[in-house]
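Trainee: Given next are the chains, with one letter for each unit.
2 protein chains.
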Amino acid sequence: MYRGAAIRTSVMKKRSRKEIILIALGGNALIKKGEKGTAEEQFRNLKTPISQIARLSKDYKIIITHGNGPQVGNLLLQQECCTSVPKLPLEILVAQTQGQIGYMIESTLDSELMALGADAQKPLVSLISYVVVDEKDPAFLKPSKPIGPVYRKEEISTLPYPTIKTEKGYRRVVASPRPITIVEKKEIISLVENGFIVICCGGGGIPVIRYGRTFSGVDAVIDKDLSSAKLAEEVGADIFIIATDVEGVALRYGKPDQEFLRTINTQEAMEYLSDGYFPPGSMGPKIEAAIAFLEKGGKRAFITSIRSIEAAVKGLTGTEIISSNSIQ
Amino acid sequence: MYRGAAIRTSVMKKRSRKEIILIALGGNALIKKGEKGTAEEQFRNLKTPISQIARLSKDYKIIITHGNGPQVGNLLLQQECCTSVPKLPLEILVAQTQGQIGYMIESTLDSELMALGADAQKPLVSLISYVVVDEKDPAFLKPSKPIGPVYRKEEISTLPYPTIKTEKGYRRVVASPRPITIVEKKEIISLVENGFIVICCGGGGIPVIRYGRTFSGVDAVIDKDLSSAKLAEEVGADIFIIATDVEGVALRYGKPDQEFLRTINTQEAMEYLSDGYFPPGSMGPKIEAAIAFLEKGGKRAFITSIRSIEAAVKGLTGTEIISSNSIQ
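Residue numbers (this note's numbering), protein chains in the order written: chain A, 369 to 696; chain B, 369 to 696.
Isolated chain A (complex conformation) (with noise of 0.2 Å):
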């Protein structure tokens, strides 16, 4: 806690007057409901937040985050295929996603900065990130991230690792721990006040733990929007967007009487998570990352859609989660 603080305090001391948006972006972002995720589709979906952020950088410094759930379930799946080749890990894996986001993301900005002129053109780096969790965390005992392919009650009982059952079938199942921190955050926060646009920490970034003088990397999954939570508040961002598939945060998503929230402070927001409103694979840790980074003295924090990134800046839709601390 105290380490952040003393960051945060250096971050703002030697900040330039731009503001620092993180924008976590969901996994629609990249392969929509109903695609099967072919390159040609993930590099023309992202043009849509991709051309927003483009805009953005214009008057913000940018640090992009984003998901990896289809394409390591791609990964594993192959794995599972393919007896003539080593499987690798998780960890590996999610390396490998970083891999081939982090280039689609970068590759994607570049040709829409270059499509803004001259003067929009930015530095811009795609970073392998790794984020340290506690092998501690209660998680551990209880797996429950369902990843990969689906089995057939017959098959369970020859995988090397647990696995439980979903609607859809069997699945393998990995923890889910919280981030404690990014170890590239000085890295990052160096580069941003550089000017260079960041992407990192894809599919909530690579879960190691420290032993003593050494990372180790862990079968897991760590939730992207509270590791992206984690990495505003290490880099003291002063905005957080939390990209997703609907247009903000609603009571009763779906139902008749469903009711859009535009505006919640984080007192309401603890009270409807504590009360069941948000589902705990879907808004439920993106409310609990928007607390998070506002508990920890972040600005602004939005939830809102893909499509919308920027008319949620301009406070022109979306869900905006303030502080209760800041109502007086």
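These are computed hints drawn from the structure, not numbers from a lab. A hint or two may mislead.
Pairs count within a copy or across copies, as identical chains cannot be separated in the list.
In silico BS3-like cross-links for lysine-lysine, where the CA-CA straight-line distance does not exceed 27 Å [what the hints assert, rightly or not]:
(1) 455 x 404
(2) 533 x 386
(3) 455 x 415
(4) 455 x 536
(5) 401 x 536
(6) 554 x 490
Please build the complex by placing chain B on the supplied structure of chain A, with the hints as guidance.
Mentor: Frame of chain A, contents of chain B only:
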């Protein structure tokens, strides 16, 4: 040419005292002959070069590049096995290997630097890198680089790409165009100047062609030593080390009258090259890369083994290629 020269001059002006070493790691830094390439093998093998590089980082600024042959081959094999997942183009697979190997190198280097103590800590980044090639490069007319799985003769007519007959059987063949420029060069210069150790240009970089205001990936593989030489030139590196599986350059390699070369100048190297002493698929491009680096103003170039990186820098082993112009 002019642009490279301009960059070099500006780099020279800004540079602090420490020289920049660019180290290009060959495939055997990760997977040795006879190994299948498990994650454990790759992490274990990396300790040999990376522990040396950690020590060198005390006295030099460091850039690390690396090959990706077996890793991208495995991804191609997996794609072939698994029909339920959309096949991704080669550029995306190269990006995936940059993620994978970048993570493996960075985390190994992290551990090695931690083992050296607090003074040895430096900021590290693994970057996605793409490299511009010329769509008119004659290599595209005559693809020559075999990649991926081995096919039987009766299979090849069903494949959507050209193949060639190799010793092992039929294989897919792609172009190996020359690198024109590393897209992230300015970013890499800025990072190195700011004291970062940079891991980049994996697998020779993701090959892209520039069409007007966009970059577009192409099915090709750029030789990693030639890309590394281009990067060394563009960032104004002082020393270029090609680390491979032999102690240095030899004439009549593996023959009874093999002659190990401790030092050769670029003029001699070019003569040996045109006399066919160095095979195109192995030592040839390394010699070419060393010559290219020195002709563009680089100071010192070495070809040596993964085990002997430090010793070569100290002049104790390996082959040093020196510029003919500097011998008076």
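Trainee: Decide, hint by hint, whether the structure agrees.
Mentor: Results for each hint:
Taking the closest pair of Cα atoms, residue 455 and residue 404 come within 27 Å of each other both inside a single copy (23 Å) and across two copies (10 Å). Proximity of residue 533 and residue 386 under a CA criterion of 27 Å is satisfied in neither setting, with 48 Å inside one chain copy and 58 Å between copies. Within a single copy, residue 455 and residue 415 get their C-alpha atoms only as close as 33 Å, which misses the 27 Å cut-off; across copies the closest is 21 Å, which meets it. Taking the shortest Cα distances, residue 455 and residue 536 sit within 27 Å of each other both inside one copy (24 Å) and across copies (24 Å).
In this assembly of identical chains, residue 401 and residue 536 lie within 27 Å of each other by CA distance solely inside one copy; the values are 16 Å within and 42 Å between copies. For the identical chains of this complex, residue 554 and residue 490 are neighbours both inside a copy (20 Å) and across copies (10 Å), given an alpha-carbon limit of 27 Å.
Hint 2 from the earlier list is the only one contradicted by this structure; the remaining hints agree with it.
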